[in-house]
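For the sequence shown, the tail end lands on 847 under this note's numbering, and the numbers increase by one without skipping.
None of these hints come from the bench; they were simulated from the model. What you are looking at is a predicted structure, and each value in this text was computed from that prediction instead of being measured. Some hints could be false.
Said to hold, decoys possible - Straight-line Cα separation of at most 27 Å, DSS-like style, residue types lysine-lysine; simulated pairs:
hint, residue 1, residue 2
1, LYS482, LYS536
2, LYS214, LYS239
3, LYS432, LYS513
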Amino acid sequence: MILLVVGLLLFIRTPYGQNFIVGKALAYLRQQTDSRWELERLFITFQGDLALEGLLVGDAQGDTLLYVGKLETGFALWPFLRTGALGVSGVDMQQVRARISRDADENFNFDFILSALLGEEEGAPAPKPAEAPASPTDTESAEEAAGLGTLYIGPVQLKDIQLAFRDESLGIDLDAAWEDFRMKTEKLDLDAGAYLLEAIDWEGLQVRYEQFLPFPPSEEETTPTAGPLPVVSLGRLRMPNAHFHYSDIPSALVADLGWDQFVFELPELDLEEQNVQINTLRFNGLRAAVELDTSLEIPTQEEEGEDRPADSSSEEDADDQVFSWPDWRVNFADFSVEDGRFLFHDRAGTAEVLPYIDPNAVELADFNLALRQITLKPGRLKAHLHTFNFREQRGLQLDELSLALSLEEEALEIADFRFQLPGTGLKAESQLRFPSIESLLGEDPLGALRYALQLEAKTDFQQLAFFAPELAEEPWFQALKPFEGSFSLSGDAESLQLSRLEMSIPQTLSLRVPELRVAQFMDPEKLRLDLPELRFTGYGRGLGALADWQGGPLPERFTVQLSSQGGLRGLRSQLALRSPIGDVSWQVEGGQRANATYFLKTDLRIRELNVADLLELPELAPLSTRLQAEGAFSTLEDLQASVRWDFDRLAYDSLDLSALRLQLAVENGQGDLQLRHARDWFDLDVQADISLDSLAQQIALQLDLQRLDGQVLGLSDTPLEAQLALRLGVRYEAETLDFGLKLERASLVQEGRRLEMGDFNLTGLYASDFIKANIRSDFLNGATTWKGTRAT
């Protein structure tokens, strides 16, 4: 018997014996399946090693179903003898061609083989044997008793592989091919769920996926996880020269993704302990392109009228959700993209190539991105954007974007923020402090918020033309020069402090605010402002070009200084203008006293302000004047006010009105207005009594023009004098307006001839449905009345 067994084994190892066995097996398979089965060479050793060449399996139509040019594998005997671990000593497979398909009836092209070998009718479902229900305890005990143990897999190499799959039922057409796949494993513990891989090298992977039918409606299924969650470790994954193509015909979506080199290192992925350690995820020469048509309506395989139950659980729980940190520990050391290229095209947009940024056609080249030291654990998130830059095909270029982000339970910090375009740059540091992240999501997120921001900026406004090309046609935009600015801001929900604010546009303007404090700005009654100094410097030529000024020349250089302190109870401000064409100073103080009385006091001075060239009126003399006003009131009835307006110089050509004076005094709602100019060529006196009673308001005006020389005023080439006296009274009470006008001593004298107008009287009454007017004079008399829509 022993000799028979030994002889049988020796016969199997001989070429003749193996050819005999292969021939018999192939003949059996051909007969049973009625298809092609070919094998050029088969070799089996005592240790369980297997080597074959030229395996070909045909489908029912005679086409190639599977071809394997070379396969070497075997049972890992020594690891089994040492540790009892099952496995294979290695796998070496080359020149593989596989063509799998499924028809619209969900039958695979290899079903006929299974049916023939299992003795079943092709296309008939396999009967399910009846099984007695097993208790969970029995099942778990059986699995624990059996144990899956440790699986050993030697070096794996899959070279020159081409796979094809087509599913007429789901509308999938898939091709996958690669040049070489090599894998080395360290440990595969199926019981503990530990999968430790030393290295994977996958070269020349090419994948094409086409979806030619609409996606079917998704069906969510929840499958309980049995056993421990896996622990995965991958020393290195290297995938050079890969390309993926995706095409969704119903939705007109086409996408391509490829790269020259891809490296991935995953020392630890522990789903049970929720720990993730990634050393490297790096792309070199990444290329991505997406093309779609947003104007299409995407069809689905859902039947019309089919009602799907709405999931309202998220809406019901939205109000009860609170922030909580994910219970994960993640350490991502390096993620980078080097020399990338991205394209996006929406066929629904215009076909014209636009000279500016087109959101429907975006192409980014020289794309580089580097994220370093991304860490996440309960209570902390940190990330460092080390590099981000690209070049857009129409000229927009991002030279640098970088920052360091830190988020903790009570703070958010962004450090070393840098943003750089050609001619434009931004640097910033910011900090936010808060009781907790959950407080930011509450009803009063700003209640205990504290912030600090430091910013430096330099901007070339011409970059805006990439996004709004119509600006390039604007004269003011063409004249706009680069802008520079910086400031520091800090505060909380009730106050803020701005310091070192500096802004400038060369040869156009500059603004400087050393310090600004605002307290209690959320409560207007308690608001306090402290602005010691604001200095604005303007340059006439630059501002004129920016504002497209069409008038006379602006001052070459001028400064404006402003200071302000106080709040609603009392605010005091001072403004001063200094320029080559004159000076202006203005002081104002106002507010509300404790007795609910509002008060205002102002003093405006203008000294030798020459605006003749500015207004293109060369005959206008420099202006010097002073306006003083102060008052207080709680109602119109108790108004106390005084106004005085004097002119030291007010002249136009030969017309000098410097003697003009205006005074107004109001006490308890009763006022007296005086306007006076006394010169031999123009003698005018105006007085008015004003009453601001809450029930009735009235004004009584007296105007006496003693003399007006028309020749001096340029009204006549020959001597012309005029005089008149005017009395005007107006009273408004109970929605009724009562008025009266009287002219006296109105006369003109020209070249010795005197023209008398005589007296003129006009009285009237106006109400919502009643108007009455009477005229009495030396040359005209009359009366009229309107009631409703009728006149008499």
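Exercise. Would you pick out the hints that fail for this structure and give their numbers low to high?
Key: 3
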